[in-house]
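These protein sequence lines map, in sequence, to chains A and B.
So my numbering is basically just the index in the first sequence, starting at one, shifted up by 14.
So my numbering is basically just the index in the second sequence, starting at one, shifted up by 17.
These are calculated hints, taken from the structure and not from any lab test.
Here a beta-carbon is modelled for each residue, glycine too, at the ideal position from N, C-alpha and C.
Just to be clear, a hint being listed does not mean it is correct.
Facing chain B, from chain A, some residues (calculated, C-beta under 10 Å) [what the hints assert, rightly or not]:
(1) V33
(2) Y111
(3) A146
(4) F147
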Amino acid sequence: MVAEIKAILETVSDPEIPVLSVLDLGVVRNMSKEGDAVTIQLTPTYNGCPAVDAMSMSIKLALLSAGYKTVHIETVLSPAWTSDWISDEGKQKLKAYGIAPPIGKSLYPEDMENLTPPCPQCGSEETTLVSAFGSTACKALFRCISCKEPFDYFKCH
Amino acid sequence: MPQNNWNTVTEALALADNALLMGQRCAEWCGHAPVLEQDIALSNLSLDFIGEARLLYQWAADQINAHPTAFPDLVQTKESLAGKAPLPTEATEDSLAYWRDVPDFKNHLITELPNGDWAQTVAKVYFFSLFQDLVFTAIAAEPGHPLQGIAQKTTKEIQYHLRWSKEWILRLGDGTAISHQKMQTAWDLVWAYLPELRNDLSEAQQKSWDQHILALQEESSLTKADTSIWSQTGKNGQHTEHLGYVLAEMQHLQRTHPNSQW
Ligand SMILES: [Zn+2]
């Protein structure tokens, strides 16, 4: 039963990182089904992330168009979302898309100045932080010293 | 309803008002920051602050709607003000943000201060983030506190704000003669608003507050501000002249076209 819902959620992507499904991103905490009613529990990645409202809407639409009559989306704040919840498959997809996946486990923000995520373009480990704040709340901007290309790094959070 | 919940709703509103105003002020830099990366950094900060404010307002709105008689002033029935479209008759995150006036806001005065120059902005962000860090860390560690989930989420983001603002204070304070002088001027100006924050901390938190500020001040070659005037009236709804202007800019669209959606 839940496998059915799971298959539908696989098709719902993060609007800011379209290669990741909401399942890859780890924002779906729980799903349950009763008759043709579905309840999905979502944990937002960042407080002010505008993608969260969009994801919640897309999930609702996907399930409704799959034939479920009622869809409840509940927000769960605790425990807070962490980048550790991004699936391994999700991390591979991020890299292939050109975003360096988060390095290590994290409860606290890492010492980003000393971090050198491998360049998703050329694989070089000679990289340097440009800004701790990137194109979206979840990313920092890095530059590759070898191929000179800038790239996004998905922050440990 | 128990007195405790009343206090917590008031507390949540004050924390939400703080975050909303910091979000609005940081957003004012959008398109004006000295370099693109810093423009993006401030937009990120702004989004984080507004996100916090939304969660806190939503929580407060739920409590208010569950006990409307306990919060007569906060249940929205201000049709007369709008005169154009019916307003929601219950509290929502939007009604709390857009339909309360200056005396209703409970924020600390530092959050309504204008951005001033870059040094003043980073000083505001630093002191405010330090305050938030101490307050939300305590709430996050308190089992059963109704804001625990929000606090856990928020403390993670605050670390980035603290780090960003500290770096700038160090860089300017310990930089050139001009940057140092600008940072010191900002330090002196914002200093007057710090006792209001400090007074809302526990004794242990105050100790930590003093230590953090002193350490950064020394590291940045700044000297203790020579300011003695201070005021502590935000909680009572008494504000500086700046709040009315910033609210006017933030609220005018909802008040001109009630219930309009983006
Ligand atoms: Zn490279």
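Status of each hint after checking the structure:
no.: 1; hint: V33; verdict: violated (22 Å)
no.: 2; hint: Y111; verdict: violated (20 Å)
no.: 3; hint: A146; verdict: holds (6 Å)
no.: 4; hint: F147; verdict: holds (4 Å)
In summary, the numbered hints that this structure violates are 1 and 2.
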